[in-house]
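Per UniProt numbering, residue 1 is the first one in the sequence shown, and the count goes up by one each step.
Hints are not guaranteed to be accurate.
[What the hints assert, rightly or not] Restricting the straight-line Cα-Cα distance to at most 27 Å, the calculated cross-link-like pairs of lysine-lysine (DSSO-like) are:
1. K201 <-> K24
2. K89 <-> K38
3. K24 <-> K65
4. K65 <-> K38
5. K89 <-> K65
6. K126 <-> K206
7. K206 <-> K24
8. K24 <-> K38
9. K126 <-> K65
10. K126 <-> K89
11. K201 <-> K65
12. K206 <-> K89
It is worth saying that the hints were derived from the structure and are not from the lab.
These numbers were taken from a predicted model, which means no experiment stands behind them.
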Amino acid sequence: MTLELAGLHYFDDRESANRSMAEKIASDLASAINERDKASLWVSGGSTPMDMYRKLSVANLPWRKVLISMVDERYVPPTDEASNERLIKENLLINGADVAEFVPFFQVTESPASNQQQLEATLREKVHGALDVVVLGMGNDGHTASLFPCAEEIEQVVSAENSDYTAVTHPRVAPHARLTLTLNRLLASRHIYLLLFGEDKLNTLKKAEQNGEEIDMPIRYFLRNQQPRLEIFWAP
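Construct the complete structure from the given sequences, taking the supplied hints into account.
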(Lines of atoms letter the chains of each structure in order from A and count residues from 1; the text may use other names and numbers.)
(Lines give C-alpha, C1' and ligand atoms only; values in the text may rest on other atoms or scores of the structure.)
Protein backbone atom coordinates (compact mmCIF):
# COMPACT_ATOMS: atom_id res chain seq x y z
CA MET A 1 0.00 0.00 0.00
CA THR A 2 1.27 3.45 -0.90
CA LEU A 3 -0.04 6.45 1.01
CA GLU A 4 0.32 9.90 -0.52
CA LEU A 5 0.95 12.18 2.42
CA ALA A 6 2.93 15.39 2.72
CA GLY A 7 6.07 14.79 4.72
CA LEU A 8 6.06 11.00 4.25
CA HIS A 9 9.35 9.59 2.98
CA TYR A 10 9.51 5.99 1.74
CA PHE A 11 12.66 3.88 1.98
CA ASP A 12 13.36 0.43 0.55
CA ASP A 13 14.90 -0.83 3.78
CA ARG A 14 15.24 0.11 7.43
CA GLU A 15 18.97 0.72 7.21
CA SER A 16 18.39 3.50 4.68
CA ALA A 17 15.59 5.04 6.73
CA ASN A 18 17.67 5.00 9.90
CA ARG A 19 20.70 6.51 8.19
CA SER A 20 18.69 9.25 6.48
CA MET A 21 16.88 10.27 9.66
CA ALA A 22 20.10 10.29 11.68
CA GLU A 23 21.74 12.54 9.09
CA LYS A 24 18.75 14.90 9.03
CA ILE A 25 18.62 15.18 12.82
CA ALA A 26 22.37 15.79 13.01
CA SER A 27 21.96 18.60 10.47
CA ASP A 28 19.12 20.15 12.49
CA LEU A 29 21.16 20.00 15.69
CA ALA A 30 24.17 21.55 13.97
CA SER A 31 22.00 24.40 12.66
CA ALA A 32 20.57 25.03 16.12
CA ILE A 33 24.06 25.16 17.61
CA ASN A 34 25.23 27.55 14.90
CA GLU A 35 22.27 29.84 15.56
CA ARG A 36 21.92 29.63 19.35
CA ASP A 37 25.10 27.88 20.56
CA LYS A 38 23.01 25.04 21.97
CA ALA A 39 20.47 22.45 20.87
CA SER A 40 17.95 20.08 22.41
CA LEU A 41 16.91 16.61 21.28
CA TRP A 42 13.82 14.85 22.64
CA VAL A 43 13.55 11.16 21.88
CA SER A 44 11.17 8.23 22.20
CA GLY A 45 11.82 4.75 23.47
CA GLY A 46 10.76 1.43 22.01
CA SER A 47 12.78 -0.83 19.76
CA THR A 48 12.10 1.00 16.46
CA PRO A 49 14.52 3.96 16.71
CA MET A 50 17.45 2.26 18.45
CA ASP A 51 19.56 1.64 15.35
CA MET A 52 18.90 5.20 14.22
CA TYR A 53 20.11 6.45 17.62
CA ARG A 54 23.30 4.43 17.34
CA LYS A 55 23.97 6.01 13.94
CA LEU A 56 23.23 9.47 15.32
CA SER A 57 25.60 8.94 18.26
CA VAL A 58 28.63 9.00 15.93
CA ALA A 59 27.65 12.26 14.20
CA ASN A 60 30.37 14.89 14.17
CA LEU A 61 28.70 17.36 16.51
CA PRO A 62 29.80 19.40 19.54
CA TRP A 63 27.71 17.11 21.72
CA ARG A 64 28.52 19.02 24.92
CA LYS A 65 26.21 21.74 23.58
CA VAL A 66 23.30 19.30 23.14
CA LEU A 67 20.69 18.60 25.80
CA ILE A 68 19.08 15.20 25.32
CA SER A 69 15.86 14.23 27.04
CA MET A 70 12.74 12.26 26.35
CA VAL A 71 9.29 12.56 24.87
CA ASP A 72 7.83 10.23 27.48
CA GLU A 73 8.72 7.63 30.07
CA ARG A 74 7.11 4.90 32.11
CA TYR A 75 7.13 5.44 35.85
CA VAL A 76 9.76 2.76 36.39
CA PRO A 77 13.41 2.99 37.46
CA PRO A 78 16.11 2.91 34.76
CA THR A 79 17.03 -0.64 35.75
CA ASP A 80 13.59 -1.85 34.63
CA GLU A 81 13.23 -3.61 31.27
CA ALA A 82 10.42 -1.17 30.39
CA SER A 83 12.55 1.94 30.96
CA ASN A 84 13.04 4.28 28.01
CA GLU A 85 15.95 5.88 29.86
CA ARG A 86 17.77 2.55 29.86
CA LEU A 87 17.35 2.16 26.09
CA ILE A 88 18.48 5.72 25.41
CA LYS A 89 21.58 5.38 27.56
CA GLU A 90 22.52 2.11 25.86
CA ASN A 91 21.88 3.24 22.27
CA LEU A 92 22.19 7.04 22.04
CA LEU A 93 24.36 8.28 24.91
CA ILE A 94 27.38 6.43 23.51
CA ASN A 95 30.29 7.23 21.22
CA GLY A 96 30.54 11.00 20.75
CA ALA A 97 27.08 11.61 22.21
CA ASP A 98 28.10 10.30 25.62
CA VAL A 99 29.14 13.84 26.64
CA ALA A 100 25.74 15.38 25.91
CA GLU A 101 23.73 16.63 28.87
CA PHE A 102 21.00 14.09 29.64
CA VAL A 103 17.84 14.94 31.56
CA PRO A 104 15.97 11.80 32.65
CA PHE A 105 12.25 11.83 33.35
CA PHE A 106 12.07 9.25 36.14
CA GLN A 107 12.97 10.35 39.64
CA VAL A 108 12.60 8.45 42.89
CA THR A 109 9.54 10.08 44.42
CA GLU A 110 6.46 8.98 46.30
CA SER A 111 4.21 9.08 43.23
CA PRO A 112 4.07 9.87 39.51
CA ALA A 113 2.48 13.21 40.39
CA SER A 114 5.37 14.28 42.62
CA ASN A 115 7.81 13.04 39.96
CA GLN A 116 6.04 15.23 37.40
CA GLN A 117 6.27 18.27 39.67
CA GLN A 118 10.03 17.84 40.08
CA LEU A 119 10.51 17.17 36.37
CA GLU A 120 8.47 20.24 35.45
CA ALA A 121 10.69 22.42 37.63
CA THR A 122 13.83 20.92 36.10
CA LEU A 123 12.69 21.52 32.52
CA ARG A 124 11.60 25.09 33.25
CA GLU A 125 15.09 25.74 34.60
CA LYS A 126 16.96 24.10 31.71
CA VAL A 127 14.80 24.74 28.63
CA HIS A 128 14.23 28.19 27.18
CA GLY A 129 12.31 28.58 23.95
CA ALA A 130 11.09 25.87 21.59
CA LEU A 131 12.36 22.30 21.63
CA ASP A 132 14.72 21.86 18.68
CA VAL A 133 14.23 18.27 17.53
CA VAL A 134 11.57 15.76 18.60
CA VAL A 135 11.50 12.08 17.61
CA LEU A 136 8.07 10.51 17.99
CA GLY A 137 6.80 6.97 17.78
CA MET A 138 3.26 5.78 17.10
CA GLY A 139 1.18 2.90 18.41
CA ASN A 140 -1.33 1.02 16.30
CA ASP A 141 -4.09 2.84 18.20
CA GLY A 142 -2.73 6.16 16.95
CA HIS A 143 -1.21 7.29 20.25
CA THR A 144 2.11 9.10 20.26
CA ALA A 145 4.35 10.11 23.17
CA SER A 146 2.14 9.00 26.08
CA LEU A 147 -0.90 10.77 24.67
CA PHE A 148 -3.20 7.77 24.95
CA PRO A 149 -6.82 8.21 23.81
CA CYS A 150 -7.93 5.98 26.69
CA ALA A 151 -6.12 7.91 29.44
CA GLU A 152 -8.44 9.77 31.76
CA GLU A 153 -6.07 12.76 31.68
CA ILE A 154 -5.99 13.06 27.88
CA GLU A 155 -8.22 16.15 27.56
CA GLN A 156 -6.07 18.13 29.98
CA VAL A 157 -2.80 16.97 28.40
CA VAL A 158 -3.88 18.10 24.90
CA SER A 159 -5.67 21.27 26.03
CA ALA A 160 -4.67 24.45 24.22
CA GLU A 161 -4.60 26.15 27.64
CA ASN A 162 -2.02 23.76 29.09
CA SER A 163 1.32 25.59 29.32
CA ASP A 164 3.16 22.90 31.28
CA TYR A 165 6.02 20.95 29.75
CA THR A 166 4.94 17.66 31.29
CA ALA A 167 1.99 15.64 32.50
CA VAL A 168 1.12 12.25 33.96
CA THR A 169 -1.12 9.84 32.08
CA HIS A 170 -2.54 6.46 33.08
CA PRO A 171 -3.30 4.48 29.90
CA ARG A 172 -5.92 1.79 30.38
CA VAL A 173 -4.42 -0.38 27.64
CA ALA A 174 -0.79 -0.37 28.80
CA PRO A 175 1.04 -0.98 32.07
CA HIS A 176 2.64 1.72 34.22
CA ALA A 177 1.80 5.36 34.74
CA ARG A 178 3.51 7.62 32.19
CA LEU A 179 5.35 10.91 32.25
CA THR A 180 4.93 12.73 28.95
CA LEU A 181 5.58 16.03 27.26
CA THR A 182 2.31 17.89 26.68
CA LEU A 183 0.81 18.40 23.25
CA ASN A 184 1.42 22.16 23.20
CA ARG A 185 5.13 21.79 23.94
CA LEU A 186 5.51 19.09 21.29
CA LEU A 187 3.65 20.99 18.58
CA ALA A 188 5.76 24.09 19.23
CA SER A 189 8.99 22.21 18.45
CA ARG A 190 11.17 23.34 15.55
CA HIS A 191 11.47 19.87 13.95
CA ILE A 192 9.28 16.81 14.53
CA TYR A 193 10.10 13.34 13.18
CA LEU A 194 8.25 10.05 13.16
CA LEU A 195 10.03 6.76 12.38
CA LEU A 196 7.81 3.83 11.37
CA PHE A 197 8.43 0.30 10.14
CA GLY A 198 6.00 -2.22 8.65
CA GLU A 199 2.63 -2.33 6.91
CA ASP A 200 0.67 -2.17 10.18
CA LYS A 201 2.02 1.30 10.92
CA LEU A 202 1.27 2.45 7.38
CA ASN A 203 -2.30 1.21 7.81
CA THR A 204 -2.55 3.16 11.06
CA LEU A 205 -1.34 6.29 9.28
CA LYS A 206 -3.95 5.77 6.57
CA LYS A 207 -6.67 5.52 9.20
CA ALA A 208 -5.36 8.64 10.95
CA GLU A 209 -5.52 10.56 7.67
CA GLN A 210 -9.27 9.96 7.46
CA ASN A 211 -11.84 12.23 9.04
CA GLY A 212 -12.08 11.92 12.79
CA GLU A 213 -11.36 13.64 16.06
CA GLU A 214 -7.73 14.29 16.91
CA ILE A 215 -8.24 13.15 20.48
CA ASP A 216 -9.33 9.70 19.24
CA MET A 217 -5.98 9.23 17.44
CA PRO A 218 -3.55 11.79 18.88
CA ILE A 219 -1.08 11.38 16.00
CA ARG A 220 -3.67 13.41 14.05
CA TYR A 221 -2.66 16.53 15.97
CA PHE A 222 0.76 16.23 14.33
CA LEU A 223 -0.46 15.14 10.90
CA ARG A 224 -2.74 18.19 10.76
CA ASN A 225 -0.16 20.64 12.12
CA GLN A 226 1.17 22.86 9.35
CA GLN A 227 4.26 24.31 11.03
CA PRO A 228 6.40 22.49 11.68
CA ARG A 229 5.31 19.76 9.31
CA LEU A 230 5.65 16.23 10.64
CA GLU A 231 8.43 14.40 8.77
CA ILE A 232 7.70 10.67 8.54
CA PHE A 233 10.33 8.10 7.61
CA TRP A 234 8.88 4.68 6.72
CA ALA A 235 10.39 1.38 5.62
CA PRO A 236 8.93 -2.14 5.30
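Hints versus structure:
| no. | hint | result |
| --- | --- | --- |
| 1 | K201 <-> K24 | holds, 22 Å |
| 2 | K89 <-> K38 | holds, 20 Å |
| 3 | K24 <-> K65 | holds, 18 Å |
| 4 | K65 <-> K38 | holds, 5 Å |
| 5 | K89 <-> K65 | holds, 17 Å |
| 6 | K126 <-> K206 | violated, 37 Å |
| 7 | K206 <-> K24 | holds, 25 Å |
| 8 | K24 <-> K38 | holds, 17 Å |
| 9 | K126 <-> K65 | holds, 13 Å |
| 10 | K126 <-> K89 | holds, 20 Å |
| 11 | K201 <-> K65 | violated, 34 Å |
| 12 | K206 <-> K89 | violated, 33 Å |
Checked against the numbered hints above, the structure breaks hints 6, 11 and 12 and satisfies the rest.
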